[in-house]
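Engineer: Take a look at the letters that make up each chain.
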Amino acid sequence: MEDLIKELKQEIIDEFNFEDMTAEDIDTEAPLFGEGLGLDSIDALSLMVILEKKYGIKIEDPKDGKKIFSTVRTLAEYIAANRKQ
Amino acid sequence: MEYYIRGIGNISPQETLNSRDFPTELHNENSTILKCIHPDYKDYIDISSRRRMGNVVKMGIASALISLKDAGIENPGAIITCTGLGAVEDTEKFLNSMLDNNEQFLNPAVFIQTTYNTISSLIAIRLNCKNYNSTYVHRSFSFETGLIDALMLIDENEAENVLLGGVDDITLTHFTLFDKLDYWKKSPINQVNLLDSKSIGTIAGEGSTFFTITNQEHPENYCRIKGVFTLFSSDIELVIKKFNSFLQTKDISLNNIDLIMLGLNGDSNFDDRYFSFMKVLNINTPMAVYKHLSGDYYTSSAFATALSALAIYKDEVPDYMMYKSEKPKSIKNILIYNQFRGNEHSFILLGK
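Protein chains in written order, with my numbering: chain A, 193 to 277; chain B, -14 to 337.
Careful, some of the hints might be misleading.
Calculated cross-link-like contacts (lysine-lysine; reagent style DSSO-like; alpha-carbon spacing at most 30 Å) [said to hold, decoys possible]:
1) B/K27 <-> B/K78
2) B/K227 <-> B/K211
3) A/K250 <-> A/K276
4) A/K246 <-> B/K314
5) A/K245 <-> B/K78
6) B/K314 <-> B/K211
7) B/K54 <-> B/K317
8) A/K198 <-> B/K78
9) B/K299 <-> B/K312
10) B/K171 <-> B/K183
11) B/K27 <-> A/K198
12) B/K227 <-> B/K264
13) A/K276 <-> B/K78
14) B/K115 <-> B/K27
15) B/K211 <-> B/K226
16) B/K78 <-> A/K250
17) A/K258 <-> B/K78
18) B/K20 <-> B/K226
19) A/K255 <-> A/K276
20) B/K20 <-> B/K54
21) B/K54 <-> B/K299
Derived by calculation from the structure, the hints in this document are not laboratory data.
Okay, chain A solo, but in the shape it has when bound (with noise of 0.2 Å):
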């Protein structure tokens, strides 16, 4: 779980172009949206294109998105326990 949380960080300082941020730099505890890392629905969207393209997750329903995109943890629980590659 460990590997995949910090594989995730670099995942979204990558795809988000947070500039001078580390792995190190985002509480996997906090919140991704909002006042925690500040991320937007667009980034939303991008979130579901990483989990199709990388992990094999489609999301069917977007409300789901809200409690699985909460945290860099529920996230990575989320992909653990659906990944399909």
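Based on these hints, arrange chain B on the given structure of chain A.
Structural biologist: Leaving out everything else, chain B in the frame of chain A:
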């Protein structure tokens, strides 16, 4: 109605961030591409906005903010952006992603930057400006068309101040594609020698130049904008005829023009059109050039306008801009003549 340039923000391959001074020395390269000297964008755009922006968007926003600060104006009555290619870097990323991923897994963040009006709209969001907002995409006429619109807005009292800019960047894909059409030099050339190269093609360039144009007289105005005129034609006689009519409508003669800023770009296929124009009109006016400083790109006439406005403001022109002629004793009127591959001719007349 009078129109003045009050503020300039200029990001280019030269040290032009200080709007009120010419670069002290030429930034000189052996290359076929001239890339911009970028400011630290952290000073202009916060990270949450910046992280999604390509170079051209960052250049546009930063130069727009520099121009407004130079003018001492916070919120313009209109924003007009002119571009030949728009956010072409993001467009290329999106199209390549479509090909690489078989039209699946497309990144929405890149897609939303692919429209031409991205730059103008993001400037408006940055300024919280809800006034007139428009983007002109007309190849080498883009800047001139936007300039005409800006003057019309002021004429019709739609705006007192207009933020107007020309912005384009060069990408490797664009360079490679247009290299097949002989747009560029086939081997690197020192930009100082560009206009003596006697070979086909030119140096690719990029830049973002924004102006704050106003109808208010002010001691810190750079210059007046006296007129702008475009013509699509390969017939040099027609160009001369229309050019003479343009001067007549502006009530100015060639003798009153102190400096002609030519868009010579070292392309042996097209530079002779400038010389024919000068020869037929028997023009002995001092000549200056600018594309050896910026490289050639669709909105390079905005860069020429910034240098010309500064020349009038300071009543001087640097040695590195003069072309085979003596410097003028004083500079009250400058005519900018730019053309694109022999067909698209534009004239911008600036005065003290």
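Engineer: Which hints from the list above does the structure break, by number from lowest to highest?
Structural biologist: Hints 4, 18 contradicted; others consistent.
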